[in-house]
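Numbering (my numbering), first residue to last: 1 to 121.
One or more of the hints may lead you astray.
Said to hold, decoys possible - For each label pair, taking beta carbons as the anchor points, the in silico distance ranges come out as: (1) Cys100 <-> Ile19: 25 to 35 Å; (2) Pro95 <-> Glu48: 35 to 45 Å; (3) Arg27 <-> Gln115: 20 to 30 Å; (4) Val116 <-> Gly31: 33 to 43 Å; (5) Ile92 <-> Ser69: 23 to 33 Å; (6) Thr93 <-> Glu39: 38 to 48 Å; (7) Arg3 <-> Ser34: 20 to 30 Å; (8) Ala55 <-> Ser81: 14 to 24 Å; (9) Glu64 <-> Met1: 39 to 49 Å; (10) Glu39 <-> Gln115: 40 to 50 Å.
Worth flagging that the hints you see were computed from the coordinates, not collected in a lab. Think of the CB as a built atom: it goes at the ideal place given N, C-alpha and C, for glycine as much as any other residue.
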Amino acid sequence: MNRIYFDNAATTPISEEVIELMTGLMRTHSGNPSSIHKEGREARTVVEQARKTIAHFFGASIGEIFFTSGGTESNNMILTSAVRDLGVKRIITSPLEHHCVLHTLDALKKNTDTQVDFVKV
């Protein structure tokens, strides 16, 4: 029987095509893209090209594409930015949210005037 993987909320198997591409890039562009030396500048070029490609695919500007370390950082960043930068005062959510969302909402509720409401599920 073929196994079907249902835990994509935690992690998703990586396609062979992506593994091959990333392995090649890591071999040839191992510099820190935030560094000013040659290897860093080359790595930055690769990151920025990826940003342009993704922006084009989604019809977005490059300024709308952010790379984060993962889901927790992404969720924290978007919720915090919505309150801080967009003036969001009320967030409606569910108690079934991932704990990183619930923790961020708890912090926003305690440290700002944000109202957090939970729908019953």
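Tested hints:
1. With their beta carbons about 26 Å apart, cysteine 100 and isoleucine 19 fall inside the hinted range of 25 to 35 Å.
2. Between proline 95 and glutamate 48 the CB atoms are about 40 Å apart, so this pair conforms to the stated range of 35 to 45 Å.
3. About 50 Å separates the C-beta atoms of arginine 27 and glutamine 115, a value inconsistent with the hinted range of 20 to 30 Å.
4. Checked against the hint of 33 to 43 Å, the C-beta distance between valine 116 and glycine 31 comes to roughly 42 Å, which is consistent with it.
5. Taking the beta carbon of each, isoleucine 92 and serine 69 are about 27 Å apart, inside 23 to 33 Å as hinted.
6. Checked against the hint of 38 to 48 Å, the pair threonine 93 and glutamate 39 passes, with Cβ atoms roughly 43 Å apart.
7. Roughly 40 Å separates the CB atoms of arginine 3 and serine 34, a value that falls outside the hinted 20 to 30 Å.
8. Between alanine 55 and serine 81, the C-beta spacing of about 18 Å keeps the proposed range 14 to 24 Å intact.
9. For glutamate 64 and methionine 1, the Cβ-Cβ distance of about 43 Å falls inside the hinted range of 39 to 49 Å, so the restraint holds.
10. A C-beta distance of roughly 48 Å is found between glutamate 39 and glutamine 115, which places it inside the suggested range of 40 to 50 Å.
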